[in-house]
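Visitor: Residue numbers (numbering that gives the first Met the number 0): 0 to 214.
Calculated directly from the structure, the hints in this document are not laboratory data.
A portion of the hints provided could be inaccurate.
Stated by the list, open to error - Derived CB-CB ranges, DEER-like:
{"#": "1", "residue 1": "Ser38", "residue 2": "Glu198", "range": "26 to 34 Å"}
{"#": "2", "residue 1": "Glu203", "residue 2": "Arg6", "range": "57 to 65 Å"}
{"#": "3", "residue 1": "Leu152", "residue 2": "Glu76", "range": "25 to 33 Å"}
{"#": "4", "residue 1": "Thr37", "residue 2": "Thr194", "range": "33 to 41 Å"}
{"#": "5", "residue 1": "Asp137", "residue 2": "Glu17", "range": "42 to 50 Å"}
C-beta: ideal position from N, C-alpha, C; glycine also.
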Amino acid sequence: MPRTSKRPLPRHVLRIGERRRELGLTQEELARMAGFSTSLMAKIERGAVDPKTLSAQYLVGLAKALGLTLSEVMGEEVPGDDLGSVPFSLPVYTSPEELERERPASRAFLAPAELPRGAVVERLAFLEVPGRWLATLDLPFPTARRVWVLTELRPLLQPQAVYLGKVRGYAAFFPHEALERDPLALYPLHPELPTLWLEEERPEVLGLVRGWRVL
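Required output: the full structure, derived from the provided sequences and hints.
Guide: Structure below.
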């Protein structure tokens with residue numbers, strides 16, 4: 000029986016894999032950003048699922064995550080398919096040690112429309128919570144669920160803001176009002192960390208929380 004040659008992948012399918020690698024993303028990371036499963040992402044790249052068959056939500060999510068047009072993702076002309084500029088690539092840190100060494104665990108993307116007003120893009124990073132951080136009990140974002148906290152490093156102080164800070168070698172999240180508390184209690188988001196009760200001592204401000212993304 001003659002051997003059958005493997006059918007080459009369509010150009011638009013190859014482009015998806017190429018673009019993912021250009022951005023330095025794994026299939027899992029890209030799937031999470033696009034809003035679907037890693038298994039579906041794998042099927043798309045090997046040609047088992049044509050992007051044209053995806054739901055509108057998944058199709059737009061994939062195009063936005065890759066910074067491509069719908070025409071490029073689908074392999075056919077789609078009128079008015081430009082979804083905006085290429086998104087900003089930001090580092091994702093899962094611990095204070097990664098942040099201090101500037102060695103992120105991964106990268107994520109922020110659409111131009113999501114950029115906080117007045118933020119300096121080069122100073123923005125996502126910090127994964129919970130993790131090896133301390134925190135007060137009155138933060139506006141959840142700490143029991145997995146969250147990426149969008150933080151602008153080396154910021155100016157702003158009243159009514161939430162900060163990332165450092166004290167006694169630990170990194171912590173706290174609101175601006177906490178700087179006036181005495182004592183200031185910082186609680187661990189990791190079982191190996193202690194609870195800190197600060198009297199007069201205050202954390203050094205390292206970053207300004209600009210938003211968060213529940214995963």
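Visitor: For each hint, tell me whether it holds in the structure or not.
Guide: Hint-by-hint comparison with the structure:
1. About 52 Å separates the C-beta atoms of serine 38 and glutamate 198, a value inconsistent with the hinted range of 26 to 34 Å.
2. For the hinted restraint 57 to 65 Å between glutamate 203 and arginine 6, the CB-CB distance of approximately 59 Å keeps it satisfied.
3. A C-beta distance of roughly 42 Å is found between leucine 152 and glutamate 76, which places it outside the suggested range of 25 to 33 Å.
4. A hinted range of 33 to 41 Å for the beta carbons of threonine 37 and threonine 194 is consistent with their spacing of about 37 Å.
5. At roughly 46 Å, the beta carbons of aspartate 137 and glutamate 17 sit within the given window of 42 to 50 Å.
When held up to the earlier numbered hints, the structure conflicts with 1 and 3 and fits the remainder.
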